[in-house]
Amino acid sequence: MADRFRGVPFVAKRLLGAALVLLVLATVLYALFYLVPGDPAQLACGERCSPAQVAQVRGQLGLDESAHAQYLHFLQGLFAGRDYSSGTSVQHCAAPCLGLSRQNDQQVTTLILAGLPATASLAFGAMVVWLTLGVGTGLLSALRRGGATERVLTVLTLAGTGTPVFILGLLLMMAVCAYLQWLPFPSYVPLTQDAEQWAWNMLLPWLTLGLFESAKYARLTRSSTLEVLAEDHIRTFRAYGVSERAVVTRHALRGALPPVIALSAIDLGSMMGGAMLTEQLFGIPGLGRLLIDSVRSVDLPVVVGVVLVIGTAVVVANAVADVLYALADRRVVLS
Amino acid sequence: ACSGPQDGDAKPAAGDAKPAKGGKLTVLNSDTQSDFDPARLYTSGGGNVPSLVFRTLTTRNREAGEAGTEVVPDLATDLGTPSENATVWTYTLKKGLKFEDGSPITSADVKYGVERSFAAELSGGAPYLRDWLIGGDSYQGPYKSGKGKKTLDSIETPDQRTIVFRLKKSVGDFPYLATQTQFTPVPRAQDTGTKYEEHPVSSGPYKVVRNTNDGERLQLERNPHWSEKLDDQRKAYPDTVDVRSGLDSAVINQRLSTSSGDDANAVTTDTNLGPAELAQIGQDKSLKARVGVGHFGYTNYLAFNPDVKPFDKPGVRQAISYAIGRSSVINAVGGSSLAEPATTFLPDQKAFGYTPYDHFPAGKNGNPEKAREALKKAGYKNGLTITLTHSTEEGEMGPKVASAIQQSLAKAGITVKLKGLEGNAYNEKRWDADGSPGLFITRWGADWPAGYPFLAPIFDGRQIVKDGANFNNAKLDDPAVNKEFDEISGLTDLDAAAKRWGALDSRIGEQALTVPLYHPVYQRLVGKNIRNVVISDWTGVLDISQVAVK
Amino acid sequence: MTPQPNGPTPDSAPVPVADTATGPTGDRAAGALIDVRGLTVDFPAGDESVRAVDGLSFRLSAGQALGIVGESGSGKSTVAAALLGLHHGTGARVSGSVEVDGIDVQAASVRELRRLRGGTAAMVFQDPLSSLDPYMAIGDQIAEVHRTHAPHVSRREARRHAVTVLDRVGIPDAARRSRSRPHEFSGGMRQRALIAMALACEPRVLVADEPTTALDVTVQAQILDLLHELRTETGMGLVLVSHDLGVVAGNVDDMLVMRNGRAVEHGPVGTVLAAPREAYTRELLAAVPRVETPRTPVATAGAVPASAPASGGDLLLEAVGVRREFGRGKNRTVAVDGVSLSVAQGETLGIVGESGSGKTTLGRMLVRLLEPSGGSVRHQGRELTGIRSDLQMVFQDPVSSLNPRRSVGESVADPLRAAGALTDAEITRRVRELLERVGLDPRWYHRYPHEFSGGQRQRVGIARALAPGPRLIVCDEPVSALDVTTRAQVLDLLAQLQRDLGLALVLIAHDLAVVRQASDRVAVMRRGVVVEEGPSDRVYDAPRDPYTKSLLAAVPVLDPVEAAARRAARGSVGALLGTAAG
Amino acid sequence: MTVQDVLTPGAGAPPAPGPAAGARGVWRRLRGRPSAVVSGAVLAVLLLAALAAPLLTALSGQDPYTYHDELVDSASGGAPQGSFGGMSGEHWLGVEPGTGRDLFARLVHGARVSLLVAAGATVLQVAIGVAVGLAAALGSRWADQVLSRVTDVMVALPMLVLAIALTTVVSDDFPRPLLLVLVMGSLNWGGTSRVVRAQALTLRGLDFVAAARLGGSRPVRVVRRELLPSLAAPVITYAAVLLPSNIVLEASLSFLGIGVRPPTPSWGQMLSTATTWFRADPLYVLLPSALLFVTVLAFTVLGDAVRTALDPREAGRLRVGTRKEKTRG
Ligand SMILES: Nc1ncnc2c1ncn2[C@@H]1O[C@H](COP(=O)(O)OP(=O)(O)OP(=O)(O)O)[C@@H](O)[C@H]1O
Ligand SMILES: Nc1ncnc2c1ncn2[C@@H]1O[C@H](COP(=O)(O)OP(=O)(O)OP(=O)(O)O)[C@@H](O)[C@H]1O
Ligand SMILES: [Mg+2]
Ligand SMILES: [Mg+2]
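Chains as they are written, first to last, in the numbering used here: chain A, 1 to 335; chain B, 1001 to 1550; chain C, 2001 to 2582; chain D, 3001 to 3329.
It is worth saying that the hints were derived from the structure and are not from the lab.
Ideal Cβ positions, reconstructed from N, Cα and C, are used throughout, including at glycine.
Any given hint could be a false lead.
[To be verified] Okay, the calculated bits of chain D under chain A, using three or more residues with CB under 8 Å as the criterion: (1) 3060 to 3073; (2) 3267 to 3277; (3) 3290 to 3300.
[Stated by the list, open to error] Cβ pair distances, simulated, as ranges: (4) 327(A) <-> 1219(B): 45 to 55 Å; (5) 3038(D) <-> 175(A): 28 to 38 Å; (6) 1085(B) <-> 184(A): 58 to 68 Å; (7) 3060(D) <-> 2420(C): 54 to 64 Å.
Next comes chain A alone, as it looks inside the complex:
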């Protein structure tokens, strides 16, 4: 088996390939949303806009052009930038310009950059929760297989998954903020503004999302741990008196982690698109909310922009996961 391990060039190559696929994706989205009902100009202008006014707005948004002309302009913006009139002056949207939101004349890039920190805060924090909680309980239940501990853990993590996230979050909030009053109701504070406040206010969203996701990880960790535990090399360490805990955490876990890493990358990446319901519930001004709002208002530039950003995030996360994976299991070749 060839051993072609290359870290950085590998990721770079990966990104390039992905850029292509993303472009295809953008095109498909463009086409698909063309068919979606709802006139963006009417929606932007408001329901009481007169036809003349709607036409004017349509011109302003460039919607009076043919579909492919619009798409070409979009591409042009992406690679070369575009200019837009802001009324009093002309605003330049530098490449990669994803266009202007049809709803509020903001540059899509600005909107995304504004939403990114909140979403990233949520996603990474939640990942820490689901990894510790999920992998932890997974391991514990693999260790205590068949015992009462395992049964309790199973039921607990399943309760997390079997409850839709909007119910889970609301229940948590009710319990912690309203009933026990341990924490004030969370309201998002940017990390850059006040790190401590940021953490306190993100605590519940992290927990909610983390809990919701952790069952999946617990199950996966448990099953692949058991899988590895049945392998021959585990026998070696047991036969050398290595404690069961060390056998599981040092040997079984390493073999069990690859699928967990693979999944984490996916979840982390796709969460960059925002865990919409969680963001909605806790009022976190992230990409998820931006996305769902723009889908509803057929704000194509924003939809495409956010999806492209998420796509990139997923690709990067997956590439990193693959590198980690190849590091864990050298038998695997990166290609």
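Starting from the known structure of chain A, fit chains B, C and D with the ligands onto it as the hints suggest.
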């Protein structure tokens, strides 16, 4: 409200202690203030948060209940002087008005504010200026991108304090229109086009300190150049106002009811209590005391498109009107505390000219016998099958209401097939003059508490829009009715006008072009330290220019 | 670091010697290190159960060595596992008593067992290739085991200790290779790593289950000498499970011959070998191949005389200057460095050589499981570009070459099913025949790999390679885990197939006698190159290369006295061995 | 016996008794596990209830659509009258707030949609995911690149966005549940595919795969015979987790108005509308939650049992009943 059994309007929640200045008011909202440009805002009576920053020529009377439906002067000294048969309206600005930077507010600033609302870049807002101002339909705003002239000649500013509007036709309602934020002064030198909303120049009691994330969070602070003496409407008790939006409505209500920490000083201007919350509050006296009830001119109704068979037959429309069981419709939207049955198209408030009528009495649960009779007369002895179009989104136009209607019509032998459309598709459909469904659920709200904006878009034959959003679903184009519209809308005596609007409503109602279902009622919860709760019938929302936290 | 194969480990603390003065025959002193009485082990299999060990008893004192021999599947590994209580919680039923260093293994608590394992008694497993953690560097694995029993030792010290023991078992460049992961090691290197792991704990008893099957004879001798030395110096007890009577002869005091889970003969090694009482023991002895015996030529039907060099027309497979590298930069290893070989139809080419010299790598390239990084492999004159089902391979590691989730019958049936020519019933019958042919009970069709002994698994591998009716089989240590009688049977089978079908074989093995017995030509490999190649009798009788000579000199002998003498001689040329292993 | 006998089939030995014990063995091992039997039974009951929904509701004399205005308290938000969410002899589990529809009827009818859609989507997701993951792991480097990138993008695509777009674009006459299955199934396979690819990459390097290839097995066969059995464990575990998340996803879609068309009930829909009621009418929330939870639990336990039963190495452990001995050997 002049009818209904509700227990009066909201009283100050925290006993009789006098409200005092100071403190920080928190506003918890679900919709972000992503439009904060006065040119784009489409608010009734100047809005709530906006009216803390934007003053307009006139404004709504900041009093609770029915008194709140009156229009009163704001920047102007009076409600305006009509001349030339109410086609010319002249306003004079109060003396000593200043922007937040201390510069004087002039009539030119008001004119510029109106002009820029015509720019395509700043789309949004109500259509009336365009329809009424001379040259309004072709004017494209003061910006470079607009074609043609950069100024609108039908607005004149003979001096720094006087501004004159010249209209195409007589408009008695102009003082109402002047409450809208398009009448906010905007200093031309500081206009930054689409960026203006990030920091609009304040003429009101507060100025914007920070606008985070496109209106996600607005932090307001006292505007030192605003003078209490020149503004008899806004109380402006708190020192600062912090508007946080993008919150889930269940969370907002939960926070208000818990009222811990800053939430004790919190209100909401866009979230009302839902059915589940009401059911829960019903058992809690202390919470109940913190709930204010509000009305806003709104009617939810069934609309017909008589171009679609069998709705061309008045008998069929009448049968449906007879068969409708309003109480199950009301239950489907949250029960009697959140909706009152409607038999008139106009909201049940005096300002609209409400004249009670019930041309096709259906009682609470429908009158199947009368309905069958009407059907038989129309030639459908063995019942009939029709399609009801609704939105798939839960809510006032959603599937639950549709099912309720389906079941009450079934009793009269009318088989209803349901057709759900996703939100945007549904809106597109119901506003499509040619292709709107034969029968669908829809609603209408008032731009101001008067008959004209409530009735004209729905029943004035000249407001049938061919290739845009059409609201005259029945495509009623009756010369007599049209003439009546012209006559009443020219009246400057608003009370007299109201009476005639009521009569007109009743007259149109005889044709059974709509089936009024209910008028919504709003229940608003406030934090436990909030005093001076004022909910007017103009907006139905708690007026944050009046609340105090001390 | 210079290898010190015979010197004491600098880091090793002296092991307390409990019972030094026990004679080679083992007086029945109370302080026996191991005391096994009436050990019986049953495995559940299907609806019945298999009795793997049946009423076995033996004792072992400190410093003593016990050899367990016997046919494949006779229960040797099961006994070894029982000594460490490895049957706990596996579903096997164990009765009788097992006492190791005073601990009653059957009744021991989890904690006691943990101390016993590795601390008191260490085990070298029979399947070295899959017994290491694939995700972890070898040195770290050894260090971890070491630290388990010596918690006060720092991480870094343990790591250093690991390098030392790796060096002691003859891993060249131990400091660097300790950072490799198992898949980067050759079979023999992995086996040595396991032995190093056992030694790292300085145990009182070493249970070694076929510890040298994957080793070439020089390294084997070196390892066995090391064990001997530890035994005399520290009083370590040794249980040596092996099918190689030569290995047993030279390295144990007592010998236990097993068959069907029972002891057939038990006594001092000299006595048993010189004057076996039981017929079975005699049978075993008779079957041992001798390296001195020349090959009896295979009478190939109408084929070329075996000793003749392959002529063009009959050339089946040809390697021309094949090279293979692994890794890049600092970690680059050249496994095969320009080897040219040819195999004629019906011919057997033996490949012997140092462990880690690239035999497996070469074998894999011959069947195209690995792509050469240089040179080419030709099949009947044409460049070989992909896998062909008439080129088969028997893998060195019988564990990982069988799918743990499929019954062995199905694994063997697979090539038949893939070919798609036979009905289900025919396939089943055929598989049963094949199983029987390699000496397995055809009723075991539905058993899973983990239910088999090491030798049995190896035979399954052979049966599977035979199934598609190949023209050539690369056998990578096909008989290393087999007892002498079974081995003879399998070699006979291969020879018979060769005769009847003109099957060509590439036989990779460490056992020089086996290679001589079975091959027409032999290639000797060292460090990725072929150092000597020729007809086997020529190479064995008149070796030219010094490495070949040293290999032949290291072949174990059946006579314990002679073995001791040779060991003494080797001791004096220890330095030479050190380089030979490097 | 001659070698010829060995290599030519059909000669010698008696015909083989019985086929491979694979599937049968698994079945037998499953039957031996109480947890498997109980969870299987629970699922069977749920499934039966779903299938027999019309029958069951006929028994209770209710249907899931009829409004009962008289049973709700209009003045307080439409909460059911009486205690326990309006439970009575007629309405076994009470009624829905606001409409007074019978909850029992809605639950059993909802089970149909929820289980059907979720199970269908899961099957589709797993099938596509396994196929793509395997193709990526085993195919050429090119295929891996393309498929992995496509997987990335599938994963990256926010489900809801495409779901909204697709469900609004597709004709109204297309059966909704099927559309949901297709949309959910064809958009959400990225996770499975990644997990499968990761696992298959490790597996394909093992000797037994090499042996199978040498034996002349074509890739498809290698996959079916060698890889799938080893992949079954993670895939089944993953599927047992996917299923509940699909039920929840169906809930979210219904919540956004793009799920099954009301008034057809589904658990997801019931849950999402019930959320706010959990203090005023706890039963309304609890019932669908509890059912969902039981389903999830049953699937997980069954998935685990199947996973264990599939592993022959576990078999001895189970049958011999060494329960008392600690598993730490
Ligand atoms: N887990 C198991 N389940 C069922 N049978 C087993 C199991 N392990 C071993 N056996 C059977 O027990 C018998 C003895 O096996 P063991 O591994 O002890 O043999 P061995 O003497 O070491 O053979 P070899 O020399 O081939 O390694 C064999 O018949 C084998 O098939
Ligand atoms: N996948 C791999 N990655 C890195 N190095 C490898 C790999 N496979 C083999 N090697 C190295 O190549 C060399 C030759 O290995 P190979 O397995 O061919 O030896 P061998 O002759 O079969 O030895 P043995 O007799 O011990 O089995 C060894 O040094 C080994 O460490
Ligand atoms: Mg063995
Ligand atoms: Mg090898």
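Against the structure, the hints come out as follows:
1. Check on the segment 3060 to 3073 of chain D: 0 of its residues sit with their Cβ under 8 Å from a Cβ of chain A, so the three-residue criterion for coverage is violated.
2. Judged by the Cβ-Cβ criterion of 8 Å, the segment 3267 to 3277 of chain D is covered by chain A as claimed, because 4 of its residues qualify and three suffice.
3. With 6 residues carrying a beta carbon less than 8 Å from a beta carbon of chain A, the segment 3290 to 3300 of chain D meets the three-residue requirement, and the given coverage holds.
4. Look at residue 327(A) against residue 1219(B): about 47 Å separates their beta carbons, and that is inside 45 to 55 Å.
5. As the Cβ distance of residue 3038(D) to residue 175(A) is approximately 31 Å, the hint placing it in 28 to 38 Å holds.
6. The given range of 58 to 68 Å is respected by residue 1085(B) and residue 184(A), whose C-beta atoms sit roughly 59 Å from each other.
7. Our hint of 54 to 64 Å for residue 3060(D) and residue 2420(C) holds, since their Cβ atoms are close to 57 Å apart.
Consistency with the previously given hints fails for number 1 only.
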